[in-house]
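A.B. asks: In case you want the letters, here they are:
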Amino acid sequence: MQSVITVEVAGPNGVFTGEFPKTAKVSEVIAAAVAELGLECGDEFELVYKGEVLEPKTRPLVSFGIEGEVRLELVAVGSGVSEDGHG
Amino acid sequence: MVTVSACVLEEELRALREVAAARGWVLELRSETSFVLGMRARDGSMFWLLVLCDRYPSVPSAWQWYNHETGAVNEAKDTPKGGGFFHGSGRICAPWNRFAYKSEDAMGPHSDWDLAAWPTNPKTGQCKSLAAMALRIYVELQKASFAGRLA
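Line order of the protein sequences matches chains G and Z.
Residue 50 in my numbering sits at position 50 of the first sequence; the count goes up by one each step and never skips.
One gets my numbering by counting positions in the second sequence from 1 and adding 1000 to each.
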């Protein structure tokens, strides 16, 4: 099994590609993407893999079944409304 | 004369194009201040958006569901349901969408938000670029809560 995960993160300012150890925490990937893409307020973003928000951010990537090369989305927290569809 | 909105759109299109290419979206410019975006949902079906950026960023850009064949907007068969902010009215309910405001669209769910203050609305968060908005919509289309079309 590979010990490195290659992530392609699509974010508000473009796309970031990086390699992380499979034990890297979600928060570490967010921090790297936020820095690389020139964003601010890392706490206000969440990472999404195949439609699933990767939470809690303290968990390592591998604990979500992520390995090899993956595509993730970095999205702003708090921009939506409630899950019942009402604003 | 080149408008502020046209300049801002040109600037933001760099990131939007990059993300669109990475995710296989279709991006078509329609004017200096408008574009069409196509993206696939969780079930593989295609959804289209017509995005109007006139007066942006003084006021939010306007996102509406679009029929790429007929040019119609806001038809139930072209509008997704489920997801965190796909409102039952068919409007994308977020402060960064002009058509979420009742003052701009009779079907807009919100009369309590200040249009000009959209960047500081707490629900906007860091969703302040066109690429960020498009990604937010894309992610909602990928979630398990996505439930097909309104009709």
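The reader is advised that the hints may include incorrect statements.
Claimed, not checked - Restraint ranges, calculated between C-beta atoms of paired labels, are given here:
hint, chain 1, residue 1, chain 2, residue 2, range
1, G, E52, Z, T1120, 21 to 31 Å
2, G, V70, Z, M1001, 25 to 35 Å
3, G, V77, Z, A1021, 21 to 31 Å
4, Z, N1067, G, S3, 42 to 52 Å
5, Z, E1032, G, S63, 17 to 27 Å
6, Z, A1144, G, S63, 30 to 40 Å
7, Z, S1103, G, K50, 18 to 28 Å
Calculated directly from the structure, the hints in this document are not laboratory data.
Where is the CB? At the ideal position from N, CA and C, for every residue including glycine.
A.B. asks: Does each hint fit the structure? Answer for all of them.
C.D. replies: Each hint, compared with the structure:
The given range of 21 to 31 Å is respected by E52 of chain G and T1120 of chain Z, whose C-beta atoms sit roughly 30 Å from each other. At about 46 Å, the CB distance of V70 of chain G to M1001 of chain Z disagrees with the hint of 25 to 35 Å. In this structure the hint that V77 of chain G and A1021 of chain Z lie 21 to 31 Å apart at CB holds, the actual value being about 25 Å. Between N1067 of chain Z and S3 of chain G the beta carbon distance is about 48 Å. The supplied range of 42 to 52 Å therefore holds.
At about 47 Å, the beta-carbon gap between E1032 of chain Z and S63 of chain G misses the expected band of 17 to 27 Å. The hinted range of 30 to 40 Å is not satisfied by A1144 of chain Z and S63 of chain G, whose Cβ atoms lie roughly 19 Å apart. Our hint of 18 to 28 Å for S1103 of chain Z and K50 of chain G is violated, since their Cβ atoms are close to 37 Å apart.
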